[in-house]
Structure formats: structure tokens, C-alpha cells
Amino acid sequence: GAVVSQHPSWVICKSGTSVKIECRSLDFQATTMFWYRQFPKQSLMLMATSNEGSKATYEQGVEKDKFLINHASLTLSTLTVTSAHPEDSSFYICSARSASSYNEQFFGPGTRLTVL
Amino acid sequence: QKEVEQDPGPLSVPEGAIVSLNCTYSNSAFQYFMWYRQYSRKGPELLMYTYSSGNKEDGRFTAQVDKSSKYISLFIRDSQPSDSATYLCAMLAGGTSYGKLTFGQGTILTVHP
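Chains as they are written, first to last, in this note's numbering: chain A, 1 to 116; chain B, 1001 to 1113.
Hints were generated in silico from the structure; no laboratory data involved.
Mixed in with the good hints there might be a few duds.
As the list claims (entries may be wrong) - The list that follows gives simulated cross-link-like pairs (lysine-lysine, DSSO-like), each with its CA atoms no further than 30 Å apart:
| # | chain 1 | residue 1 | chain 2 | residue 2 |
| --- | --- | --- | --- | --- |
| 1 | A | LYS55 | B | LYS1002 |
| 2 | B | LYS1100 | A | LYS41 |
| 3 | A | LYS66 | B | LYS1100 |
| 4 | B | LYS1042 | A | LYS64 |
| 5 | A | LYS66 | B | LYS1002 |
| 6 | A | LYS64 | B | LYS1100 |
| 7 | B | LYS1042 | A | LYS41 |
| 8 | B | LYS1002 | A | LYS64 |
| 9 | A | LYS20 | B | LYS1042 |
| 10 | B | LYS1056 | A | LYS55 |
| 11 | B | LYS1067 | A | LYS55 |
| 12 | A | LYS55 | B | LYS1042 |
| 13 | B | LYS1042 | A | LYS14 |
| 14 | B | LYS1042 | A | LYS66 |
| 15 | B | LYS1067 | A | LYS41 |
| 16 | B | LYS1070 | A | LYS41 |
| 17 | B | LYS1002 | A | LYS41 |
Here the structure is a predicted model, which is why all the values come from computation and not from measurement.
Please model the complete structure; the sequences and the hints are all you need to start from.
Now the structure itself:
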């Protein structure tokens, strides 16, 4: 089946630093990748959608200068949380979709970010 | 009103019970319906996806869609402790939604031996 990996699986950083999270599709080409955020005991909230080679589309209320998304290749997308603050602490999950599977998104295992 | 409503539970059942999980929605544009299972501190895993109204069965899981009532269900037969997880319904509109999923809040299920 389609496999999506994320790195790192968890990260702890100091307030004010930037953190980069990688999302990779391991056995398929991901034309579209999605980034979600999930707070404890809450559902997934879509942050942005990125298509390979183009700028990401951010959901309302998500600061694009704070959450930088790059989808440079068909197998890699990165999310950089710039100048992280404690309120950015959350579980960040990516998903990927290939051109042939419009209806199916394959999720990564998630990255737990803790900002001190 | 949220586009997708799902009772967060928690739901606790004995091993072997039949579990019924439900979601309602308000957006008529939703055409595709999914159920995901999420274990603690893990990403969601796709269990079932359906397009049309009716039932779809896969092993112990049955997904049911009633578009006229805007209501979807997931049934788990012969539930096992390993089924303990959070179950999320998700919906996808057709057309130019670019695959944007809308999730329910998730129902926390515990199956005890």
C-alpha cells in the first residue's frame, strides 16, 4: 500500500526558533500534499494544500508567513514553523494524494511539536 | 453549525459487541465518505470509503451512507480490544475541492476484554 513518512516524529524546541517537518511519499508520486494540525482530543484541521511546483493554498486563519510550506518534488513536502511559540505546540500530520487516487489520502504518522 | 457532526463519545463496549458509529453532515456537495481509524499518537488510517448511498462491507466493517438524510454510519462486528482507537468520519466534495477532506470530531472507542 501507499506509505507516507514524516520526520521527525517528535521535536522539542525553544520559543523563537524555527522547526522544519518533512513529509515523504515513499512508494508513489504525490501530486498533492496536505498539512493538518490536531490538538489533543480534537479532530484534524486542514492548514494548507500544496501541489508540486506551486505555492501552497492556506486555509482561512492560517498564517502563511508563519507556516512555510514547500513542495519541491513529487515525493517531498516540508512544513517550517517559523519563530515557534508555545501555542504552536501540536500534532502536525501530512497526507499525500497521487494523481490517480483523487479520493484517497494517505496519512503520515504525525510529528509532535512541543515549544518550550 | 459544523459541516460534519460526530459524537465524540467516549464509547466503551465489551469484546464481541457490535459497534455503531455515526456522523451527520449539512453540505450537500459532499460526495465521498470515508472512515479513518487513528491510534493514539499516530496518523489516521483509511478503513472504508464509499461514494453512493447504501452499504459497503469489508470484513468486520460495514459502512452505510444515506444521502437523503445526510447520515453515515460505520458498524464494527465482533469488536476486539485492538479496535480501541479514535474513529474519524471524513467527507469530500466533488468538483474543484482539490481533495479537501472535512473531518468529524472523532469518536473515542474502547473495547474491553
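Cross-check of the supplied hints:
1. The suggested pairing of LYS55 of chain A with LYS1002 of chain B holds, with an alpha-carbon distance near 28 Å, which does not exceed 30 Å.
2. Between the alpha carbons of LYS1100 of chain B and LYS41 of chain A the distance comes to roughly 21 Å, so the proposed pair stays at or under 30 Å and holds.
3. Pair hint LYS66 of chain A plus LYS1100 of chain B holds up; C-alpha atoms about 21 Å apart against a cutoff of 30 Å.
4. A C-alpha spacing of about 26 Å is found between LYS1042 of chain B and LYS64 of chain A, which places the hinted pair at or below 30 Å, so the restraint holds.
5. Distance hint between LYS66 of chain A and LYS1002 of chain B is fulfilled; the C-alpha atoms sit about 26 Å from each other, no more than 30 Å.
6. For the suggested pair LYS64 of chain A and LYS1100 of chain B, the alpha carbons sit about 18 Å apart, so the restraint of at most 30 Å is met.
7. For the suggested pair LYS1042 of chain B and LYS41 of chain A, the alpha carbons sit about 13 Å apart, so the restraint of at most 30 Å is met.
8. With a CA separation close to 24 Å, the supplied pair LYS1002 of chain B and LYS64 of chain A stays within the 30 Å bound.
9. Of the pairs offered as hints, the one joining LYS20 of chain A and LYS1042 of chain B holds, with about 19 Å between alpha carbons and a cut-off of 30 Å not exceeded.
10. Annotation: proposed proximity of LYS1056 of chain B to LYS55 of chain A is violated, straight-line Cα distance about 38 Å (limit 30 Å).
11. The straight-line distance between the Cα atoms of LYS1067 of chain B and LYS55 of chain A is roughly 35 Å, outside the 30 Å bound, and the hint therefore fails.
12. A distance of roughly 28 Å separates the Cα atoms of LYS55 of chain A and LYS1042 of chain B; the hinted pair therefore holds under the 30 Å criterion.
13. At most 30 Å may separate the alpha-carbon atoms for a hinted pair to count; LYS1042 of chain B and LYS14 of chain A meet this at roughly 24 Å.
14. Proposed proximity of LYS1042 of chain B and LYS66 of chain A is supported: the alpha carbons are some 25 Å apart, at most 30 Å.
15. Straight-line distance between C-alpha atoms of LYS1067 of chain B and LYS41 of chain A comes to about 28 Å, which keeps the hinted pair within the 30 Å bound.
16. Our distance criterion of 30 Å between C-alpha atoms is met by LYS1070 of chain B and LYS41 of chain A, whose separation comes to about 25 Å.
17. Of the supplied pair hints, the one linking LYS1002 of chain B and LYS41 of chain A holds, its CA atoms being roughly 17 Å apart against a limit of 30 Å.
The structure fails to meet hints 10 and 11 from the earlier list, while all remaining hints are met.
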